[in-house]
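Asker: Here the protein sequences line up with chains E and U, keeping their order. Final position of the first sequence in my numbering is 698; the numbers increase by one with none missing. Final position of the second sequence in my numbering is 698; the numbers increase by one with none missing.
Since the hints were derived computationally from the structure, they do not count as laboratory data. Among the hints, erroneous ones may be present.
Where chains are identical, the list cannot tell them apart; a pair therefore holds if satisfied intra-copy or between any two copies.
Computed list of lysine to aspartate or glutamate pairs in EDC-like fashion (alpha-carbon distance at most 16 Å, straight line) [as the list claims (entries may be wrong)]:
id, residue 1, residue 2
1, K489, E634
2, K478, D320
3, K478, D616
4, K475, E498
5, K475, E497
6, K565, E608
Number of protein chains: 2
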Amino acid sequence: MSLQQELLQLGRQARQASNALRSLSRGVKDEALRRVARDLRDAKAEIKAANALDLEAGREKGLSAAMLDRLELTDDRIDAMAEGLEVVAALPDPVGDIVHQYVHANGLRIAQIRQPLGVVGIIYESRPNVTADAAALCLKSGNATLLRGGSEAIHSNIAIANIFSAGAEAAGVPAHAIQIVTTTDRAAVGEILKMDKYVDVIVPRGGKSLIARIYEESRIPVVAHLDGICHTYLHEDADPDMARQVVLNAKLQRPGVCNAMETLLVHEAVAPLQLPALAEALQKESCELRGCERSRQLIDCAPASDEDWETEYLDKILSIKIVSSFEEAVAHINDFGSHHSDAIITESYLFAERFLDEVDSATVYVNASTRFTDGFEFGLGAEIGISTDKLHCRGPMALEGLTSLKYVIRGTGQVRE
Amino acid sequence: MSLQQELLQLGRQARQASNALRSLSRGVKDEALRRVARDLRDAKAEIKAANALDLEAGREKGLSAAMLDRLELTDDRIDAMAEGLEVVAALPDPVGDIVHQYVHANGLRIAQIRQPLGVVGIIYESRPNVTADAAALCLKSGNATLLRGGSEAIHSNIAIANIFSAGAEAAGVPAHAIQIVTTTDRAAVGEILKMDKYVDVIVPRGGKSLIARIYEESRIPVVAHLDGICHTYLHEDADPDMARQVVLNAKLQRPGVCNAMETLLVHEAVAPLQLPALAEALQKESCELRGCERSRQLIDCAPASDEDWETEYLDKILSIKIVSSFEEAVAHINDFGSHHSDAIITESYLFAERFLDEVDSATVYVNASTRFTDGFEFGLGAEIGISTDKLHCRGPMALEGLTSLKYVIRGTGQVRE
């Protein structure tokens, strides 16, 4: 069988499974998730053996220590993965929720009901726990999953997917509900992206170039988060203690994630008072600063280039700009940001409300750290990613983001006049 | 200025307008719509003069009588267009609706609020009333509009768009909120589809080839309806009177629209009893029938080819298939349909519920005509199209479909632990 035929077969099987999954009861889905959690815990040795092959190949390929750490599955990490499935099992089932129902003048009962999307294609890199996380969210929301992980984690991913799929099937989930692409042939991604007859949505998780390629090539709708270029803006009346606390948290609590701050904007009225102390506190934590010309008159740091305003460092680096007005801050965020998460620090009712209205981002904050943008923190119980798209799902994407609304209409023979 | 530069300028202007439109009050938007309605009524002579140029060019190009009729703007049609704007003005404003709000354990107040998408690109063919309808829905939902109509209606479209834009601006709407592309150069569509920095969503309205081209080329998310291949399935216990009434309505009340039935499925148990009378009633109304082999043993009609099951006739033509089971009917609808609108006629509680669950379409009906799938009938007050996409918006797309949800979070200095 050619690669294309192989993938088309996976696609057909996924579509068929999705037709059965659509009306699978919550009881079966939850029991399957709990069973897979037990199976994963019981199969630690098997999973670690597969993982060892990936780690060995990674070392030979010269992966960095950080990459190897992301790749490694320890007993604790396998336990955490299993626990994640139990958390998803405990979440409410979104399928079948009636969002709206009313009776037409002619007696038709018209309802909008939440339904699975169908088949979800997950294209991801590195961390093998995504295999279990993504499959769990898709199963709970009644979707069939087609997984395509990165080649670095291929053995780990296949081991986890096989345990997941066998456990789910034993618990009554239809065959082929969870499938993984076993080839590492890079052409497979291109073939999947053409299968719009069988795959309803692509959720990419990975680096910028992977996501850019998928947006470019896909014939299937994509929901992805691109960059997280997040801002904190200190308005002219920002409380200095709160500003300091929030800025340090947003930049340094975990710099390598998409909701960490990348650019600090400071109103010119408070810059002389607050920026020097702030800069000192950041530099004390080994944070590199890159400032605009005006900030470099107040603090000692490297100059920021135009490129800096559009860069997601994912590291202990912060760009700093002094602005002359609230309007300049908002314009900077809307022009250079990635519409992910942005915050204002202010005591002003008027400017707090204006910031929430005027900044065109998925999540906007007053007086809080951007680090809260997260499916767990927002009470969604889990997340499959954080969308910076505006259509379908904005911000953390979880069970509800894996569904859409269907009109269900009950009549007694009504016809249109 | 090159075509590309010209369009980029429209895009930049639209983005700027959208930033101001986002927080424009309902009062201003509604007053603008009512004012434009008055202006359109007052400018009948001007609009008809522009329309006469299009009609003349259409006659020269040899457009069919039906096409010329679609193109023509009479006093009554201009009045209807104006009335449409008043209807939109009277609809509730979706912007700012709080869909969900709760307080995090740490005191953060987390809300999901409905917001405009930003800039909506409408690419459409023929009927010039779409210019006013689409601009009105976009304005009401706080979006800037970039209109690109078909060349046949270019003079009419420009006249309507100019009146709309001037009237809206006079009523306090920001400049460039409604813009129309004035060139008929076909390359303009391609350039617009690349402007993902300035346009947030493309809504195409028109023929299959236009929509296919847009899906193929667009770097901007597209919400469109493709075909409406709608089915009615007569289950083995279908009431013959109801079946006859619904089938005739679904096929013949207005055959040229997307929610009209294209294929009739009949359970083998009722085919001998019901199909001959049904066929006679349809043929009496000059409806051409194309049947599967089994149906041709019961009724006199042309044979249906495989292609027929995937064809949207938009005409007085009906394909007919006899099925051996409920499951065969559902599989046929899911495989060959376009996931638009499908109905079952049955007295069975079990099979009614199964049909609603198992048919994967935007709108599913028990005992009613598929002709009801429509924004007005569903109480949305208007529609910008009917989506057969699953993401973002399924079925009739109106004001809510032109918005998305933004997380708005109010804190008192919270940081992540």
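Asker: It remains to establish, for every hint, whether it holds in the given structure.
Answerer: The hints, checked one at a time:
Taking the shortest Cα distances, K489 and E634 never come within 16 Å of each other, neither inside one copy (33 Å) nor across copies (44 Å). Taking the shortest Cα distances, K478 and D320 never come within 16 Å of each other, neither inside one copy (33 Å) nor across copies (47 Å). Proximity of K478 and D616 under a CA criterion of 16 Å is satisfied inter-copy only: 10 Å between copies versus 37 Å inside one chain copy. With identical chains, the CA atoms of K475 and E498 are at most 16 Å apart both within one copy (8 Å) and between copies (14 Å).
Taking identical chains as interchangeable, the C-alpha atoms of K475 and E497 lie at most 16 Å apart whether they share a chain (12 Å) or sit on different chains (11 Å). When the C-alpha separation of K565 and E608 is checked against a cutoff of 16 Å, the pair qualifies neither within a copy, at 31 Å, nor between copies, at 69 Å.
In terms of the numbered hints stated before, the structure departs from hints 1, 2 and 6, listed from lowest to highest.
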